[in-house]
Amino acid sequence: MRAFLSSMVTPRALALSALALSFFFMMTLGGPFYYLAAFVITSVFSLLDMVGGQDNSDNDGKPWYYANIQAYQIPFAMLWFGLIYAWYLGTGMSDLFGVGGFLKTHTGFDMFAIRARTTAPELITGGYCLATIWAGFGTTIGHELTHRTWSKVAIITGRWMLALTSDASFSIEHVYGHHLTLGTPADPATARRGESVYHFIPRSTFGQIISAWHIETGRLARKGQSIWSLHNRMFTGWAMTLAYAGVFYMAAGWKGVIIFFAISWFGKCYLEAINYIEHYGIVRVAGTQVEPRHSWNCNQRVSSWLLFNLPRHSHHHAMGDKPYWELNCYPDAPMMPHGYLTMIYIALIPPLFRKIMHPRVLDWDRRYAVPAEYPLIVEANRRSNTADFINNVAPAE
Amino acid sequence: MFSKIFGSATKPATVTILPADISFIVEPKKTVLLSALDQNIKYPHYCRVGSCGTCKSKLISGQVRELTDKSYTLSNEDIQAGYILACQSVPKTDLVLEVPKLRVE
Ligand code: FES
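If you read the sequences in order, they're chains A and B. Start counting at 1 in the first sequence, then tack on 23, and there's your number in this note's numbering. Going by this note's numbering, 24 is the number at position 35 of the second sequence; the sequence numbering is gapless.
Derived by calculation from the structure, the hints in this document are not laboratory data. Mixed in with the good hints, there may be bad ones.
[To be verified] Distance condition first, Cα-Cα at most 25 Å in a straight line; then the derived DMTMM-like pairs of lysine to aspartate or glutamate: (1) B/Lys81 <-> A/Asp344; (2) A/Lys246 <-> B/Asp10; (3) B/Lys0 <-> B/Glu66; (4) A/Lys345 <-> A/Glu145; (5) A/Lys246 <-> B/Glu66; (6) B/Lys31 <-> A/Glu218; (7) B/Lys18 <-> B/Asp83; (8) A/Lys345 <-> B/Asp58; (9) A/Lys378 <-> A/Glu145; (10) B/Lys47 <-> A/Asp355; (11) B/Lys19 <-> B/Asp58; (12) B/Lys31 <-> A/Asp78; (13) B/Lys81 <-> B/Glu16; (14) B/Lys81 <-> B/Asp10; (15) A/Lys175 <-> B/Asp10; (16) B/Lys18 <-> A/Glu314; (17) B/Lys31 <-> A/Glu145; (18) A/Lys175 <-> B/Asp58; (19) A/Lys345 <-> B/Glu66; (20) A/Lys246 <-> B/Glu16; (21) B/Lys90 <-> A/Glu218; (22) A/Lys345 <-> B/Glu55; (23) B/Lys0 <-> B/Asp67; (24) B/Lys19 <-> A/Asp78; (25) A/Lys246 <-> B/Glu87; (26) A/Lys175 <-> B/Glu55; (27) B/Lys90 <-> B/Asp27; (28) A/Lys246 <-> B/Asp27; (29) B/Lys19 <-> B/Asp83; (30) B/Lys90 <-> A/Glu145; (31) A/Lys175 <-> A/Asp355; (32) A/Lys378 <-> A/Asp355; (33) B/Lys19 <-> A/Asp344; (34) B/Lys19 <-> B/Glu87; (35) A/Lys345 <-> B/Asp10; (36) B/Lys18 <-> B/Glu87; (37) A/Lys278 <-> A/Glu145; (38) B/Lys18 <-> A/Asp344.
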């Protein structure tokens, strides 16, 4: 029992619970609290990330059931935040699913009064919060769960989470595509040398959808099932997104639908920005083992805690079957210079990103690449259209 | 009763690999691949999640419970020829598998 309690009451667990609770209040109270939530997301997280230092401990030793409770809480929070936001989008006395009436009679909390006071800038800020929360927590957990290919519950929950950002098919492409093609030209989700995040986001998004389509239709053909059926997980995935859009329609009509898709696609862009920084410029010979050196690893404490160890990307890619709490820190892997929460903003300013990452990519060439990868480096440099790379002779040295 | 519900054996299964003629024990609910790796057998593998096909093995005799849909990974011919993915297969009975790439050193 003591062991159980001490595993529950760790700084990490307490910090996350406090955070979850404060977001629960901010997103439910709405109105001006959206500003507070946006401030926390945009500035506080990044600041904490900068000063929070590294977490180089391996394997928390947390029992799986506890870590799973943490993971499975997220979907409920994601749906609640979405539902409440949709509710506030409604007008007058409309009461989506009777939530407002229920809370008013049982707790005295008056959402109708809040709605009447809410201004358009507050709603826009709330939409930004919802998008970043869906992308940062919903898709991270969606990613984690869809890796558990052996568990139906995990896959379905994970796909519903990925559908929040309009792309449940990520669950197909990521596991059966990206994890095999990482670092090769066949992978839409590996950022190429010299490519800006703004070029990457559409190329990667549509590339992954096309790739998922091929993988899924190939599977259906082998099973002798029709593409035009509910066996097709591309369609069921899109249907999940439409179901969310339907809830927003019930709440606020077509305006609600438009706002839903704006939030959902913004979240998707955020997710792709994370994809962008994870493998920027890295090359790998197709068909060879994916090694820890094929990802930019990051052990920044706050990023790892918030994003369920996703930044421990080197181990994740080398062993895709490991649940997040078993991921180790791999201090010798190629390192990202800052936490994810900082790197995303850096990526948005391409000259700054180049200045920070290009020396690291060149260092990767010297210290991590193996001779078989040299020709790929030369080719990637040639195509980069960037002086940093074209004039680089690292592989030849 | 549990074996009925979960469709897997409740006692350890013996897995024999041909042509190397290696045998090892798989504990209930564990996959063929992970059991082999735990016992330091160099079973060909790569992704461990049923997406690459490196661990494909021909099922000569016995039955397995499959954790994932192998048609993402294996071709029609492979499936019809009785191939399974070792990383996604839990033995229901003792097994004989053919894995040409697995060699004794
Ligand atoms: S190890 Fe990749 S499919 Fe089994």
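Evaluated hints:
1. B/Lys81 <-> A/Asp344: It holds: about 22 Å lies between the C-alpha atoms, which stays within 25 Å.
2. A/Lys246 <-> B/Asp10: Given that 25 Å is the threshold and the Cα spacing comes to 32 Å, the pair is violated.
3. B/Lys0 <-> B/Glu66: violated, 32 Å
4. A/Lys345 <-> A/Glu145: Violated: A/Lys345 and A/Glu145 sit about 40 Å apart, past 25 Å.
5. A/Lys246 <-> B/Glu66: holds, 12 Å
6. B/Lys31 <-> A/Glu218: Not OK: B/Lys31 and A/Glu218 at ~40 Å, beyond 25 Å, violated.
7. B/Lys18 <-> B/Asp83: Holds - the C-alpha atoms of B/Asp83 and B/Lys18 are around 13 Å apart, at most 25 Å.
8. A/Lys345 <-> B/Asp58: holds, 19 Å
9. A/Lys378 <-> A/Glu145: It is violated: about 36 Å lies between the C-alpha atoms, which goes past 25 Å.
10. B/Lys47 <-> A/Asp355: Given pair B/Lys47, A/Asp355 is violated - Cα atoms ~39 Å apart, limit 25 Å.
11. B/Lys19 <-> B/Asp58: holds, 17 Å
12. B/Lys31 <-> A/Asp78: Violated - the C-alpha atoms of A/Asp78 and B/Lys31 are around 33 Å apart, more than 25 Å.
13. B/Lys81 <-> B/Glu16: holds, 11 Å
14. B/Lys81 <-> B/Asp10: Satisfied, since the Cα-Cα distance of roughly 20 Å is no more than 25 Å.
15. A/Lys175 <-> B/Asp10: violated, 35 Å
16. B/Lys18 <-> A/Glu314: Roughly 28 Å separates the two Cα atoms, so the pair is violated.
17. B/Lys31 <-> A/Glu145: Answer violated: B/Lys31 to A/Glu145 is near 59 Å, above 25 Å.
18. A/Lys175 <-> B/Asp58: Within the cut-off at roughly 11 Å; holds.
19. A/Lys345 <-> B/Glu66: violated, 31 Å
20. A/Lys246 <-> B/Glu16: violated, 30 Å
21. B/Lys90 <-> A/Glu218: violated, 40 Å
22. A/Lys345 <-> B/Glu55: holds, 19 Å
23. B/Lys0 <-> B/Asp67: Roughly 29 Å between the alpha carbons, so the hint for B/Lys0 and B/Asp67 is violated.
24. B/Lys19 <-> A/Asp78: Since the Cα atoms of B/Lys19 and A/Asp78 sit roughly 32 Å apart, the hinted pair is violated (cutoff 25 Å).
25. A/Lys246 <-> B/Glu87: Holds. A/Lys246 to B/Glu87 sits at ~23 Å (cutoff 25 Å).
26. A/Lys175 <-> B/Glu55: With Cα atoms ~12 Å apart, A/Lys175 and B/Glu55 stay inside 25 Å; holds.
27. B/Lys90 <-> B/Asp27: holds, 18 Å
28. A/Lys246 <-> B/Asp27: Given that 25 Å is the threshold and the Cα spacing comes to 33 Å, the pair is violated.
29. B/Lys19 <-> B/Asp83: holds, 13 Å
30. B/Lys90 <-> A/Glu145: Answer violated: B/Lys90 to A/Glu145 is near 62 Å, above 25 Å.
31. A/Lys175 <-> A/Asp355: The given pair, whose Cα atoms are some 35 Å apart, is violated under the 25 Å limit.
32. A/Lys378 <-> A/Asp355: Roughly 22 Å separates the two Cα atoms, so the pair holds.
33. B/Lys19 <-> A/Asp344: holds, 14 Å
34. B/Lys19 <-> B/Glu87: Holds, at roughly 19 Å.
35. A/Lys345 <-> B/Asp10: violated, 30 Å
36. B/Lys18 <-> B/Glu87: Holds. B/Lys18 to B/Glu87 sits at ~21 Å (cutoff 25 Å).
37. A/Lys278 <-> A/Glu145: holds, 16 Å
38. B/Lys18 <-> A/Asp344: OK: B/Lys18 and A/Asp344 at ~16 Å, within 25 Å.
Checked against the numbered hints given earlier, this structure breaks hints 2, 3, 4, 6, 9, 10, 12, 15, 16, 17, 19, 20, 21, 23, 24, 28, 30, 31, 35; the rest are met.
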